[in-house]
Amino acid sequence: MRIPSGCAIAAVISRTGRRMTGGAIMEAMKPMHDRSNGLGGGFAGYGIYPDYKDFYAFHMFFDCRDTRKKCEAFLKESFEVVKGELIPTRKMPEITDEPIIWRYFVTPLRSVLADLQLDEKEFVARTVMKINVEMNGAYVFSSGKNMGTFKAVGFPEDVGVFYRLDEYEGYSWTAHGRYPTNTPGWWGGAHPFTLLDYSVVHNGEISSYDANRRYIEMFGYKCTLQTDTEVITYILDYLIRRQGLTLTEAASVIAAPFWSTIENTTNSYEKEKLRYLRTVFPSLLITGPFSIVLGFDGGLMALNDRLKLRSMVVGEKDDRVFIASEEAAIRVMEPDAEKIWAPSGGEPVIVTLKEGAF
Amino acid sequence: MGVEFIYPEFEVVRNYDRCIACRVCERQCANEVHFYSEERGVMISDEAKCVDCQRCVSLCPTRALKIVKSDSTLRENANWQNDTIKEIYKQANSGGVLLSSMGNPKPLPVYWDKILINASQVTNPPIDPLREPMETQVFLGKKPSRIERGKDGKIKCELPPQIALSLPVMFSAMSYGSISYNAHASLARAATELGILYNTGEGGLHEDFYKYGKNTVVQVASGRFGVHEDYLNAGAAIEIKMGQGAKPGIGGHLPGAKIVGDVSRTRMIPERSDAISPAPHHDIYSIEDLRQLVFSLKEATQYKKPVIVKVAAVHNIAAIASGIARSGADVIAIDGFRGGTGAAPTRIRDNVGIPVELALAAVDKRLRDEGIRGNVSLVVGGSIRSAADVIKAVALGADACYVATAALLALGCHLCRTCQSGKCNWGIATQRPDLVKRLNPDIGSARLVNLMTAWRHEIMEIMGGMGINSIEALRGNRLMLRGVGLNEKELEILGISHAGE
Chain W
1 MRIPSGCAIA AVISRTGRRM TGGAIMEAMK PMHDRSNGLG GGFAGYGIYP
51 DYKDFYAFHM FFDCRDTRKK CEAFLKESFE VVKGELIPTR KMPEITDEPI
101 IWRYFVTPLR SVLADLQLDE KEFVARTVMK INVEMNGAYV FSSGKNMGTF
151 KAVGFPEDVG VFYRLDEYEG YSWTAHGRYP TNTPGWWGGA HPFTLLDYSV
201 VHNGEISSYD ANRRYIEMFG YKCTLQTDTE VITYILDYLI RRQGLTLTEA
251 ASVIAAPFWS TIENTTNSYE KEKLRYLRTV FPSLLITGPF SIVLGFDGGL
301 MALNDRLKLR SMVVGEKDDR VFIASEEAAI RVMEPDAEKI WAPSGGEPVI
351 VTLKEGAF
Chain X
1 MGVEFIYPEF EVVRNYDRCI ACRVCERQCA NEVHFYSEER GVMISDEAKC
51 VDCQRCVSLC PTRALKIVKS DSTLRENANW QNDTIKEIYK QANSGGVLLS
101 SMGNPKPLPV YWDKILINAS QVTNPPIDPL REPMETQVFL GKKPSRIERG
151 KDGKIKCELP PQIALSLPVM FSAMSYGSIS YNAHASLARA ATELGILYNT
201 GEGGLHEDFY KYGKNTVVQV ASGRFGVHED YLNAGAAIEI KMGQGAKPGI
251 GGHLPGAKIV GDVSRTRMIP ERSDAISPAP HHDIYSIEDL RQLVFSLKEA
301 TQYKKPVIVK VAAVHNIAAI ASGIARSGAD VIAIDGFRGG TGAAPTRIRD
351 NVGIPVELAL AAVDKRLRDE GIRGNVSLVV GGSIRSAADV IKAVALGADA
401 CYVATAALLA LGCHLCRTCQ SGKCNWGIAT QRPDLVKRLN PDIGSARLVN
451 LMTAWRHEIM EIMGGMGINS IEALRGNRLM LRGVGLNEKE LEILGISHAG
501 E
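Which chain is which? The protein sequence lines are W and X, in order.
To convert, note that position 128 of the first sequence is 128 in the numbering used here; the numbers rise steadily by one, no gaps.
To convert, note that position 380 of the second sequence is 380 in the numbering used here; the numbers rise steadily by one, no gaps.
Honestly, the hints are just simulated from the structure, not real lab data.
All clues given are correct.
Pairs of lysine-lysine residues, derived as DSSO-like cross-links and limited to a Cα-Cα distance of at most 27 Å, are as follows: (1) 142/X to 273/W; (2) 271/W to 304/X; (3) 222/W to 365/X; (4) 365/X to 130/W; (5) 271/W to 214/X.
All chains should be built: construct the whole structure from the sequences, respecting the hints.
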């Protein structure tokens, strides 16, 4: 089953690595209230766990204590777990029926990696897939280093309050408010969707979903979440981490230029490369409306579908760059934001920290 | 004598108020149904010879003719149907294997007709192909599984050889010999104009058609007729024909009567000798032998040509395809049990093989389960009748479709299913010069271009309706399909949900 949805997205990053609380991004979601319907909201913050920056931060939902105990035992077989705790939340009437929400800071045991002949990231990614597919009632919704996602069923501004995001500080934040047209009231279905340090917030409904899903599942990914955003996360992980593409190259796969545009490209290497990537990865082209913000260790990438069927604007002020579905959201974060512009379809906007900034 | 009599299948109905005895029907009928009675001053007919090809009906200047199914029938019997009984009479008369042409006409399930296509409403906008770009280009061939970079960090952009198509359709194999020179000329010229490929079949490539090489698939079949180095290098791709949907498990037979003149020269066999292709390739008795032939052909063409392996859809097709995908082949072509033929034993045509829809779904799934879908492209044929069939095939997982019957219909074929007689009144399945010249390649190629242009428009409209603006986003996108009136097992094999789910 797949649940189509409309949505609101927002993001902010400080290029100098200045840490900001989650307060501003929560405010940004308020003027876009009508873009969500209370059935899902979420945030991702980068640079929020400086004390544990060398450990993978697993954020997890559990249905009961037994599942948690079982999952902890499973984790300890192959990871060193340096800390496990409840994620602090505020009780509030707007957010109800919460699962058990826990986080673990972990690192894979060297001996296990050597045994399986896998690199660290690949092993962590496989473990996340395994838990999400095979362990009933347990779900990893964040698994990167020095970053974390926070999501729930509710309006995004309430979700932020619930998770006490004003108490975290990060150099970049992304946010999402969801308008699913059908919902199982499932917390895992809210955005962002993450794998390792990649997180994706997405406004849109992709018409290529099953073509993308059936292709990416050949490489060990399992789409379990009933939503098309999950597949975008896995595609980007596959292209960037496993195939070693740059962000721009990955963008030119998922929002590939039209063949006619490629033929008119003057730079011969560029032309050859675009033609090559489109021929090699035809099944990873994403069609249908989307605006996404990809968060990753050290930056953000915003991207629209190639026809630009969803709104998305970008603005700047000093060291900060803002991205949102509507300019109003940017103005809330920074009333004096400058250079407000709407990137064209398929044109990636990549913002990275200045070298050594964080 | 009476016991051998079978009442003619068709009746020639002539409206004598309209007939002017111009004798066009007589001149047009290679079966010699019509003749003029000097004595009575009227046209009369011997309907026993009629095959219902509709040539006379189409050319009668006064619309005086129609051909109808004879209503002289045997006593009705649900078990022993008319055709079954007549076939027994024929075999009792002749002692021979019954021969038929074109695809299986039996009322077996057509899964295309039980699959419906999605469209966007509200949550996702349909795209208007009149206003937005809509891409139908596909590339067939092996895709590299890893991106490699040079020392300068640039991506190494060398690809294995690919077949570029402007839309996901190719004309499938029909040999020169089984069809006429003018039919081949029409197909070659249309493929060139359309930016797609046609296929030589197992008859070699006439020297006049080498100039269309960029749009030609050259076939290597079990008889190896017409195969030589220049031939292999002439085309855009090479196809090894292991089997054919209309007659899985048996070879071909072109009667000596058709092996005349250029046909004999192109096939590189003596005039009037029967061209009998063996059932197997005698150098391929197993999958490892296929690998050797694939690489022999690649060696002969300096690894510049993609190799297609064509197989009939049979019970174990998924495992067979998995083997082929690991054999070095670049494309697998699967021919379903409803595929056409110039001549096949009736029993085999009507009873052997499986529907291509199920074969395609099973193969696509198996190759994905094994993680080797990128090793090969999938082409399916065996009765692709319309743009909707193409859309459904692509959404099930095909990269492209082979069409032949639809192409012949565009050239004038009326599906009378008697190609084996060599007396095709439409100039298609014949080598008789007086009949061949009835098919004008200028008109034939224009009609093929029209047909495919119309299909392309329809494909674009349907894709746009789904909110998809490039054919690759449709490939394998089974969520875009729903079944109607199919049982759980059929849905499971097709990998689609039922309508309403």
